[in-house]
Amino acid sequence: MHSFKGFLLKEFYHIFRDRRTAAILFGMPLIQLLLFGFAIRNEIQEVNLGIYDQSHDAVTRQITDKLASSGYFVMTKELHSTKEIEHAFAEGGIAEAIVFEPGFASRMIREGRANVQVLTDGSNPNISKIITGYTGSVLQDYRNTAFKTAEVGVEAVPLMMFNPELKSVNLFVPGLMALILMLVSALMTSISITREKESGTMEVLLVSSLRPVEIIVGKVVPYFLLSFVNVVTVVALASFVFGVPCRGSVTLLMLESLLFIVTALSLGIFISTITSSQQVAMMISLAGLLLPTILLSGFIFPVASMPLPLRMISNLIPAKWYLIIVRGIMLKGTSFGFIWKETLVLAVMGAVLMVASIKKFKTRL
Amino acid sequence: MSEPVIHTDKLTKRFGDFVAVDALSLTISSGEIFGFLGANGAGKTTAIRMLTGLLAPTSGKATVAGFDLYTGAEGVKRNIGYMSQRFSLYDDLTVRENIRFFAGIYGLTDQAIKEKSRQLLETLKLVAVADTRLASLPLGWKQKLAFSVAILHEPKIVFLDEPTGGVDPVTRRRFWDMIYEASGRGLTIFVTTHYMDEAEYCNRLCIMVDGKVAVLDRPEAMKRHFGVESMNEVFIQLARPHRTE
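Chains as they are written, first to last, in the numbering used here: chain A, 9 to 373; chain B, 92 to 336.
Just so you know, the hints here were simulated from the structure itself, not pulled from any lab data.
Virtual Cβ for every residue (Gly too), placed ideally from N, Cα, C.
Please note that the accuracy of each hint is not assured.
[To be verified] Mimicking DSS-like on lysine-lysine, the simulated pairs with C-alpha atoms at most 27 Å apart in a straight line are:
id : chain 1 : residue 1 : chain 2 : residue 2
1  : B       : K235      : B       : K216
2  : A       : K13       : B       : K235
3  : A       : K13       : B       : K247
4  : B       : K152      : A       : K368
5  : A       : K368      : B       : K233
6  : B       : K205      : A       : K137
7  : B       : K152      : A       : K13
8  : A       : K85       : A       : K74
9  : B       : K207      : A       : K349
10 : A       : K205      : B       : K314
[Stated by the list, open to error] If we take Cβ atoms under 8 Å as the criterion, some of the chain A residues that face chain B in the derived model are:
id : residue
11 : L16
12 : R25
13 : R27
14 : H95
Generate coordinates for the entire structure from the input sequences, incorporating the hints supplied.
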């Protein structure tokens, strides 16, 4: 027990004295959260808008004002011909153009309908789709308020449950937690164990009176604690800086995170048992863990829209299950009753990896 | 010479079809400096790994420090020290922290660790750099420290796996002075080396060729037997037939 304490102390020295390790452990979660929170957004703001108003009447002006004051658009250009529209798109000055037909207001009053043409820059289909949607809803809104009595027929009233403002940071935070935990737990652990192998100190540790289990546990405990600190930091920052809610039980969230950390740590140990160089361990961790965590877990691209083979592969990625759990707890306030299956999958993955890596570690002796 | 501290009887290690160590039988007495030589891949490292309990033998018997290799692993561990060719210390810890750490994992008590650290720093004249990180110390100092740390818990045997790799001749000579001194106190030294001048410092030598013991004798006797002047020539004569494979 005494020698084990010394071993733990040594691990913390390693972590805090190596500037790169310390930077990855403490800087990365912060930087990533800020990056994903501020820079990478799905919601669109300040779309450059061009208006080709062939009517210039009270109604078109009202609609234009409404668009401008919606917060989504910035009036950038007054256009005067179809040619000019094309030119403005080509030089990239505008992302959307709106064309009002001549005699817009009178036609609206006479026939109850008038035509607006909405043109967007299709070279970025995602943005086009989103801003077309915004424009549609602003127009709809105008029609509803201005011609209340004229409204007939079915109207769809969309409500985005659990994330009504469609804030993308709400979507990114759970994925980010998975990513950071993978990085800290799996990558750092595998590097730290293979470093001992490279420097020849692993043999000395094994020859000493430390038991192999103590060596593994001693390697894992510091990263376990630090990972947990990272989870708490990310959740707290997300909540205070970005207003990301945690609607479910915080305790449940933390417990599930601990489970995921254990799974990731087992992965890290497993990687270090199959390789003996830090570089290989790093490559395996980056290519084999981080990329799938980013691409296949549903972090950025929804799993449901992947082709079948990729969907099947995604089932093998721990982060996928963790992501479902965290999104459920944080955004939907889900209770354990709805996520026990995902929890079970994670637990089984963790157990299998742990047993496999301990077996592997022992047979090396 | 007194009672044997290492005794092996047909100790064998196979990796699949490959026999790394083939029926190794050795008896090493306490206080002896035992040199273990062989070309790369001759089975030296595998043998050391078996004797230190890092690798389970395939067959054969062995006792180390009076403990059976199969059943007394804990006892073996308590009574051996080990120093690998890379000095096996931590560059990012200070001299004092390294001493404390290794003393700790070898099971010394807090009181003993304090006392030993102080003594060691003084005898090695490292008091001034006790709180300097190891990375900035010269190789020779690290090597001395590594050896001292490996025998801090007063083991019966210390295994040195190519302890002088990449060190200049003067430092190497000083290192062997330390080895002689430790052996004088009754410590058994089991050392592998590539340097033939070092081989001559050993009491007895074992030269391995392809996992088997080719010769096991005192250096002078070996030279006489082969009718040559130096250990270098002995080694080349033994290794030559296998070069042509």
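Going through the hints against the structure:
{"no.": "1", "hint": "B:K235 <-> B:K216", "result": "11 Å, holds"}
{"no.": "2", "hint": "A:K13 <-> B:K235", "result": "26 Å, holds"}
{"no.": "3", "hint": "A:K13 <-> B:K247", "result": "26 Å, holds"}
{"no.": "4", "hint": "B:K152 <-> A:K368", "result": "25 Å, holds"}
{"no.": "5", "hint": "A:K368 <-> B:K233", "result": "32 Å, violated"}
{"no.": "6", "hint": "B:K205 <-> A:K137", "result": "71 Å, violated"}
{"no.": "7", "hint": "B:K152 <-> A:K13", "result": "35 Å, violated"}
{"no.": "8", "hint": "A:K85 <-> A:K74", "result": "16 Å, holds"}
{"no.": "9", "hint": "B:K207 <-> A:K349", "result": "55 Å, violated"}
{"no.": "10", "hint": "A:K205 <-> B:K314", "result": "38 Å, violated"}
{"no.": "11", "hint": "L16", "result": "10 Å, violated"}
{"no.": "12", "hint": "R25", "result": "5 Å, holds"}
{"no.": "13", "hint": "R27", "result": "11 Å, violated"}
{"no.": "14", "hint": "H95", "result": "62 Å, violated"}
Violation of the numbered hints given earlier is confined to hints 5, 6, 7, 9, 10, 11, 13, 14; the remaining hints are satisfied by the structure.
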